[in-house]
Amino acid sequence: MLVIDQQTYDAIVAHAREDHPDEACGVVAGAAGTDRPERFIPMVNAARSPTFYEFDSGDLLALYREMDARDEEPVIVYHSHTSTPAYPSRTDISYASEPGAHYVLVSTREPDTVEFRSFRIVDSVVTEEEVSVVPTLHRS
Amino acid sequence: MRYDSLVDSVGQTPLVGLPRLSPSADVRLWAKLEDRNPTGSIKDRAALYMVQAAEKDGSLQPGATILEPTSGNTGISLAMVASQRGYKLICVMPENTSVERRQLLEMWGASIVSSPAAGGSNEAVRVAKAMAAEHREWVMLYQYGNPANAAAHYETTAPEILADLPTITHFVAGLGTTGTLMGCGRYLREKVPGIQIVAAEPRYGELVYGLRNLDEGFVPELYDESVLTTRFSVGPAEALRRTRELVEQEGIFAGISTGAILHAALGSASKAVAAGERADIAFVVADGGWKYLSTGAYAGTLEEAEAALEGQLWA
Amino acid sequence: MAIEVRIPTILRTYTGGEKAVTGDGSTLADVLVDLDSRHPGLRERIVDEKGLRRFVNVYVNDEDVRFMGGLGTGLKDGDTVTVLPAVAGGSADGPEAASAPLPLGFGS
Chain Z
0 MLVIDQQTYD
10 AIVAHAREDH
20 PDEACGVVAG
30 AAGTDRPERF
40 IPMVNAARSP
50 TFYEFDSGDL
60 LALYREMDAR
70 DEEPVIVYHS
80 HTSTPAYPSR
90 TDISYASEPG
100 AHYVLVSTRE
110 PDTVEFRSFR
120 IVDSVVTEEE
130 VSVVPTLHRS
Chain W
0 MRYDSLVDSV
10 GQTPLVGLPR
20 LSPSADVRLW
30 AKLEDRNPTG
40 SIKDRAALYM
50 VQAAEKDGSL
60 QPGATILEPT
70 SGNTGISLAM
80 VASQRGYKLI
90 CVMPENTSVE
100 RRQLLEMWGA
110 SIVSSPAAGG
120 SNEAVRVAKA
130 MAAEHREWVM
140 LYQYGNPANA
150 AAHYETTAPE
160 ILADLPTITH
170 FVAGLGTTGT
180 LMGCGRYLRE
190 KVPGIQIVAA
200 EPRYGELVYG
210 LRNLDEGFVP
220 ELYDESVLTT
230 RFSVGPAEAL
240 RRTRELVEQE
250 GIFAGISTGA
260 ILHAALGSAS
270 KAVAAGERAD
280 IAFVVADGGW
290 KYLSTGAYAG
300 TLEEAEAALE
310 GQLWA
Chain G
0 MAIEVRIPTI
10 LRTYTGGEKA
20 VTGDGSTLAD
30 VLVDLDSRHP
40 GLRERIVDEK
50 GLRRFVNVYV
60 NDEDVRFMGG
70 LGTGLKDGDT
80 VTVLPAVAGG
90 SADGPEAASA
100 PLPLGFGS
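Chains as they are written, first to last, in numbering that gives the first Met the number 0: chain Z, 0 to 139; chain W, 0 to 314; chain G, 0 to 107.
Each hint should be verified, as a subset may be incorrect.
What follows is a set of in silico ranges between Cβ atoms, one per label pair, in the way DEER data are often shown [said to hold, decoys possible]:
no.	chain 1	residue 1	chain 2	residue 2	range
1	Z	S93	G	E48	37 to 47 Å
2	Z	E127	W	T300	46 to 56 Å
3	G	D61	W	Q248	39 to 49 Å
Calculated directly from the structure, the hints in this document are not laboratory data. None of these values were measured; they are calculated from a predicted model. For glycine and all other residues, C-beta sits at the position ideal for the given N, C-alpha and C.
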């Protein structure tokens with residue numbers, strides 16, 4: 000299950016809407032080992048495409064160094080689909096390289112509603128999980 | 000350059016820069032003039048490859064009848080090749096394609112079966128498949144699924160482009176059978192890291208679709224979406240505007256699908272400019288404007304031309 | 000020369016869980032071959048028959064080697080090599096998209 004606070008949920012959806020019709024992408028980092036998505040980090044889609052996303056390689060290095068320095072890991076890796084459902088494509092599955100992350104897919108194909116779903120992708124196996132949006136992440 | 004016969008002269012077309020339409024010295028557009036092929040379109044490459052492949056595997060025997068769903072260019076190319084190599088050709092074509100296409104087909108000895116206008120190329124495919132099932136002895140080369148179609152571009156079109164433009168960053172073409180984009184896309188992705196393969200597709204108005212449900216479409220068997228980086232959907236107004244700009248500013252007299260492709264190429268160009276990146280964008284001029292003169296696309300104002308195109312398969 | 004190579008999570012199965020290993024070589028290509036001798040299979044995840052895999056990023060210090068010499072990038076003592084799989088994907092080939100019809104394409 001993915002537990003995410005309202006503010007982060009809203010931020011991801013807003014990013015997807017803003018970049019539509021290009022795919023939006025980013026990460027929500029959290030303290031290593033806690034599975035708490037705390038720090039929202041929207042990334043630039045270097046592909047700037049309605050059907051593909053990729054983090055710029057320089058941005059990617061800077062992101063991972065920063066997370067490393069703060070002892071964080073990517074808890075959520077999110078991106079949007081702009082004309083297809085919020086489900087991982089074959090491309091999404093083959094490039095999913097963070098086995099510990101929640102892969103959040105947002106679809107902005109409808110102007111009035113949004114689809115927000117979360118998945119685990121491990122060894123090319125996709126498992127959907129429930130998304131629980133809470134007011135704040137409680138201290139554990 | 001010398002060739003033994005017309006069919007041998009397919010391909011090796013010029014790549015021409017666009018000094019006025021290119022946004023800057025760092026972001027440049029290049030037009031691959033496929034109208035310089037024997038029958039005036041890029042389809043000559045695919046037609047020749049498909050016929051040669053069928054001769055090689057024995058499915059095409061001397062004197063055989065070829066059946067093909069086509070809205071014009073492939074039929075014209077096949078008609079020329081068939082007439083040279085001794086085959087008969089039956090084309091299944093939507094009834095509302097421009098008269099020049101029919102004239103050219105008949106001139107090269109092909110027969111035409113008309114399919115209903117609403118439904119376009121998709122409907123022609125359905126009709127052709129039904130006819131092929133009833134006439135097993137006819138050979139349907141089937142450009143939408145024949146790997147020789149994509150192979151023609153993988154083996155000829157794309158290597159020509161790369162040899163002329165080693166600094167290429169984007170390749171832009173129209174999406175129809177998907178042969179050009181699949182063949183060129185695969186080749187260029189193998190050779191050029193980071194290349195963008197950009198598709199332009201036509202967005203028709205309701206008059207052409209009629210009451211037909213879009214869900215009755217089909218996916219060309221050649222199509223593999225992962226080869227594409229981006230798809231641009233282009234309407235008739237934009238395609239017309241760009242077709243006119245191309246002839247007015249650069250002197251290139253191209254068909255209307257080329258206008259749509261240029262629109263997508265210009266979209267990629269402006270993204271590169273905004274990002275401060277250099278770009279060398281090669282796009283396909285699929286055919287010349289000759290077959291579309293009767294549509295009214297090249298005369299009068301843009302509004303008049305747009306109105307004239309309503310209800311026609313402009314691409 | 001001894002080069003530190005930082006390994007992403009997904010490749011740590013090849014290094015026994017280690018997030019950094021040491022390799023020897025004066026070019027990136029040499030270092031990868033050297034690492035593979037102690038961590039078999041690791042190199043193949045980074046390099047294929049055409050060169051560096053498209054969706055694996057390799058950096059020497061702060062620079063992506065694609066903008067330097069690729070596999071031939073020269074290394075000196077104290078350099079750090081970092082491997083990071085690209086974070087990428089897209090709507091291509093979704094389960095519904097694969098069977099969704101194309102709109103009417105260009106006539107052919």
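Results of checking the hints against the structure:
1. Z/S93 <-> G/E48: 37 to 47 Å: violated, 18 Å
2. Z/E127 <-> W/T300: 46 to 56 Å: Since the Cβ atoms of Z/E127 and W/T300 sit about 54 Å apart, the hinted range of 46 to 56 Å holds.
3. G/D61 <-> W/Q248: 39 to 49 Å: This hint holds: roughly 43 Å between Cβ atoms.
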